[in-house]
Amino acid sequence: MNQEQFDLVKNGKGFIAALDQSGGSTPKALKLYGVSEDQYSNEEEMYDLIHEMRTRVMTAPSFNSDAILGAILFEQTMDREVEGQYTSDYLWEKKGVVPFLKVDKGLADEENGVQLMKPIPNLDELLQRANERHIFGTKMRSVINEPNPDGIRQVVDQQFEVAKQILAAGLVPIIEPEVNIHSENKEKCEELLKQELLNYLDQLSEDQNVMLKLSIPTVNNYYRELIEHPRVVRVVALSGGYPRKEANEKLAANHGLIASFSRGLSEGVSASQSDEEFNAAIEDSIQTIYEASIT
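Numbering (my numbering), first residue to last: 1 to 295.
If you're looking for bench data, these hints aren't it; they were derived computationally from the structure.
Glycine residues also receive a C-beta, built at the ideal position from the N, C-alpha and C atoms.
The reader is advised that the hints may include incorrect statements.
Under the rule of at most 30 Å between Cα atoms (straight-line distance), these lysine-lysine pairs were calculated in the BS3-like manner [what the hints assert, rightly or not]:
| id | residue 1 | residue 2 |
| --- | --- | --- |
| 1 | K105 | K194 |
| 2 | K10 | K245 |
| 3 | K186 | K13 |
| 4 | K31 | K245 |
| 5 | K105 | K10 |
| 6 | K95 | K105 |
| 7 | K194 | K13 |
| 8 | K164 | K186 |
| 9 | K105 | K28 |
| 10 | K31 | K95 |
| 11 | K245 | K194 |
| 12 | K186 | K118 |
| 13 | K10 | K194 |
| 14 | K95 | K245 |
| 15 | K118 | K13 |
| 16 | K194 | K164 |
| 17 | K164 | K105 |
| 18 | K94 | K186 |
| 19 | K188 | K118 |
| 20 | K10 | K31 |
| 21 | K188 | K31 |
| 22 | K164 | K31 |
| 23 | K245 | K164 |
| 24 | K94 | K194 |
| 25 | K31 | K105 |
| 26 | K10 | K95 |
| 27 | K118 | K164 |
| 28 | K188 | K105 |
| 29 | K13 | K245 |
| 30 | K186 | K95 |
| 31 | K94 | K13 |
| 32 | K194 | K31 |
| 33 | K164 | K188 |
| 34 | K194 | K95 |
| 35 | K95 | K188 |
| 36 | K10 | K188 |
| 37 | K164 | K13 |
Listed next, with one range per pair, are the computed distances between beta-carbon atoms [unchecked claim]:
| id | residue 1 | residue 2 | range |
| --- | --- | --- | --- |
| 38 | A280 | K13 | 21 to 31 Å |
| 39 | D202 | G170 | 33 to 43 Å |
| 40 | N11 | K105 | 38 to 48 Å |
Hey, can you work out the whole structure from these sequences and the hints?
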């Protein structure tokens with residue numbers, strides 16, 4: 001593990017940029033960027049276009065360690081280059097931004113009110129490649145829709161089982177059990193989730209440190225115990241579908257919680273913008289998310 005990166009993620013001021021749209025979410029991300037499905041004819045062209053978009057974001061002048069602590073990458077992004085360097089090396093060496101990697105393969109069908117992660121085949125091989133690409137940590141997402149105790153326990157069990165495999169590879173896992181912001185019982189889901197997370201965190205050894213990526217809680221500062229837990233490097237928040245302004249307002253009301261926004265980060269940018277317009281839009285996005293993250 002890179003100690004300089006660890007200290008930056010744990011103690012730095014800023015947020016984590018989520019640039020990890022996968023195959024299922026890429027068409028939607030491109031559409032929001034102003035690129036419709038009739039502008040590419042196959043998956044390869046689609047991934048070329050999303051990499052062009054991500055490159056445009058990462059090379060923007062304001063995308064740097066002044067406001068951004070880390071960036072979560074899709075596997076293909078890790079294996080591609082930005083300005084002649086592998087993406088993770090570009091981020092760290094040119095921008096001072098710590099690289100993370102999304103490792104999950106999407107969600108299983110809902111059962112017991114939750115969606116577990118699909119199996120992750122060849123995870124050890126992927127983690128080895130991540131180390132070779134100088135990746136600092138990983139991220140994997142599950143979804144909680146209903147306050148089903150058994151389902152939520154299954155989510156946390158699975159997350160920590162994979163997290164321990166990631167820790168053994170020398171990487172820091174971001175555990176992401178997202179609570180659906182549209183759940184009619186969101187607050188109850190959060191109560192059950194927090195207790196399950198604390199149960200597992202209390203069992204970790206001193207050399208096992210994790211991050212958490214959670215939906216912004218219904219009750220302000222509800223995750224303070226998680227933020228202050230000695231085994232938690234950082235707790236970051238997903239925007240979950242809230243517009244950026246609303247997500248920022250909710251985030252700012254939770255001391256110590258920082259952003260890890262995807263759609264919120266790219267809101268307001270489009271393929272048709274000039275570089276000057278694009279960079280100005282990204283700068284505005286980064287600044288507002290940063291300000292909400294350091295309150």
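To see whether the hints hold, each was checked on the structure:
1. Taken as a hint, the K105 and K194 pair is honoured in the structure, with Cα atoms around 24 Å apart against an allowance of 30 Å.
2. Only pairs whose Cα atoms come within 30 Å are accepted, and K10 paired with K245 is accepted, the gap being roughly 25 Å.
3. Annotation: proposed proximity of K186 to K13 holds, straight-line Cα distance about 29 Å (limit 30 Å).
4. A distance of roughly 21 Å separates the Cα atoms of K31 and K245; the hinted pair therefore holds under the 30 Å criterion.
5. Under the criterion of a C-alpha separation no larger than 30 Å, the hint pairing K105 with K10 is consistent with the structure, at around 27 Å.
6. Under the criterion of a C-alpha separation no larger than 30 Å, the hint pairing K95 with K105 is consistent with the structure, at around 28 Å.
7. Proposed proximity of K194 and K13 is supported: the alpha carbons are some 25 Å apart, at most 30 Å.
8. The suggested pairing of K164 with K186 holds, with an alpha-carbon distance near 28 Å, which does not exceed 30 Å.
9. Proposed proximity of K105 and K28 is supported: the alpha carbons are some 17 Å apart, at most 30 Å.
10. For the suggested pair K31 and K95, the alpha carbons sit about 28 Å apart, so the restraint of at most 30 Å is met.
11. Between the alpha carbons of K245 and K194 the distance comes to roughly 26 Å, so the proposed pair stays at or under 30 Å and holds.
12. For the suggested pair K186 and K118, the alpha carbons sit about 23 Å apart, so the restraint of at most 30 Å is met.
13. Taking the CA atoms of K10 and K194, the gap is near 20 Å; set against the 30 Å cutoff, the hint holds.
14. At most 30 Å may separate the alpha-carbon atoms for a hinted pair to count; K95 and K245 meet this at roughly 26 Å.
15. Simply put, K118 and K13 have alpha-carbon atoms about 34 Å apart, too far for the 30 Å limit, and the pair is violated.
16. The suggested pairing of K194 with K164 holds, with an alpha-carbon distance near 19 Å, which does not exceed 30 Å.
17. Annotation: proposed proximity of K164 to K105 holds, straight-line Cα distance about 18 Å (limit 30 Å).
18. Between K94 and K186 the CA atoms are separated by roughly 40 Å; this puts the pair beyond 30 Å, and the hint is violated.
19. Taking the CA atoms of K188 and K118, the gap is about 25 Å. The hint holds against a cut of 30 Å.
20. Taking the CA atoms of K10 and K31, the gap is near 34 Å; set against the 30 Å cutoff, the hint is violated.
21. Only pairs whose Cα atoms come within 30 Å are accepted, and K188 paired with K31 is rejected, the gap being roughly 34 Å.
22. For the hint linking K164 to K31, the alpha-carbon distance of about 36 Å lies beyond 30 Å, and the restraint is violated.
23. Between the alpha carbons of K245 and K164 the distance comes to roughly 36 Å, so the proposed pair goes past 30 Å and is violated.
24. Between K94 and K194, the direct Cα distance comes to roughly 37 Å. Violation of the 30 Å bound is thereby established for this hinted pair.
25. With a C-alpha separation of about 22 Å, the suggested pair K31 and K105 falls inside the 30 Å cut-off, and the hint holds.
26. Of the pairs offered as hints, the one joining K10 and K95 holds, with about 18 Å between alpha carbons and a cut-off of 30 Å not exceeded.
27. At roughly 17 Å between alpha-carbon atoms, K118 and K164 fall within 30 Å of each other, so this suggested pair holds.
28. As the CA atoms of K188 and K105 are separated by approximately 27 Å, the hinted pair is consistent with the 30 Å bound.
29. Simply put, K13 and K245 have alpha-carbon atoms about 20 Å apart, close enough for the 30 Å limit, and the pair holds.
30. Distance hint between K186 and K95 is unfulfilled; the C-alpha atoms sit about 37 Å from each other, more than 30 Å.
31. Between the alpha carbons of K94 and K13 the distance comes to roughly 18 Å, so the proposed pair stays at or under 30 Å and holds.
32. Note on K194 and K31: the hinted pairing is violated, with a Cα-Cα distance of about 35 Å set against a maximum of 30 Å.
33. With a CA separation close to 27 Å, the supplied pair K164 and K188 stays within the 30 Å bound.
34. In summary, the hint linking K194 to K95 is not supported, as the alpha carbons are separated by about 34 Å, beyond the 30 Å threshold.
35. Simply put, K95 and K188 have alpha-carbon atoms about 40 Å apart, too far for the 30 Å limit, and the pair is violated.
36. The suggested pairing of K10 with K188 holds, with an alpha-carbon distance near 29 Å, which does not exceed 30 Å.
37. For a cut-off of 30 Å, the pair hint linking K164 to K13 stands: about 27 Å separates their Cα positions.
38. For A280 and K13, the hinted distance range of 21 to 31 Å is satisfied, since their beta carbons lie about 23 Å from each other.
39. A beta carbon spacing of about 23 Å between D202 and G170 contradicts the range 33 to 43 Å that was offered as a hint.
40. At about 32 Å, the CB distance of N11 to K105 disagrees with the hint of 38 to 48 Å.
Violation of the numbered hints given earlier is confined to hints 15, 18, 20, 21, 22, 23, 24, 30, 32, 34, 35, 39 and 40; the remaining hints are satisfied by the structure.
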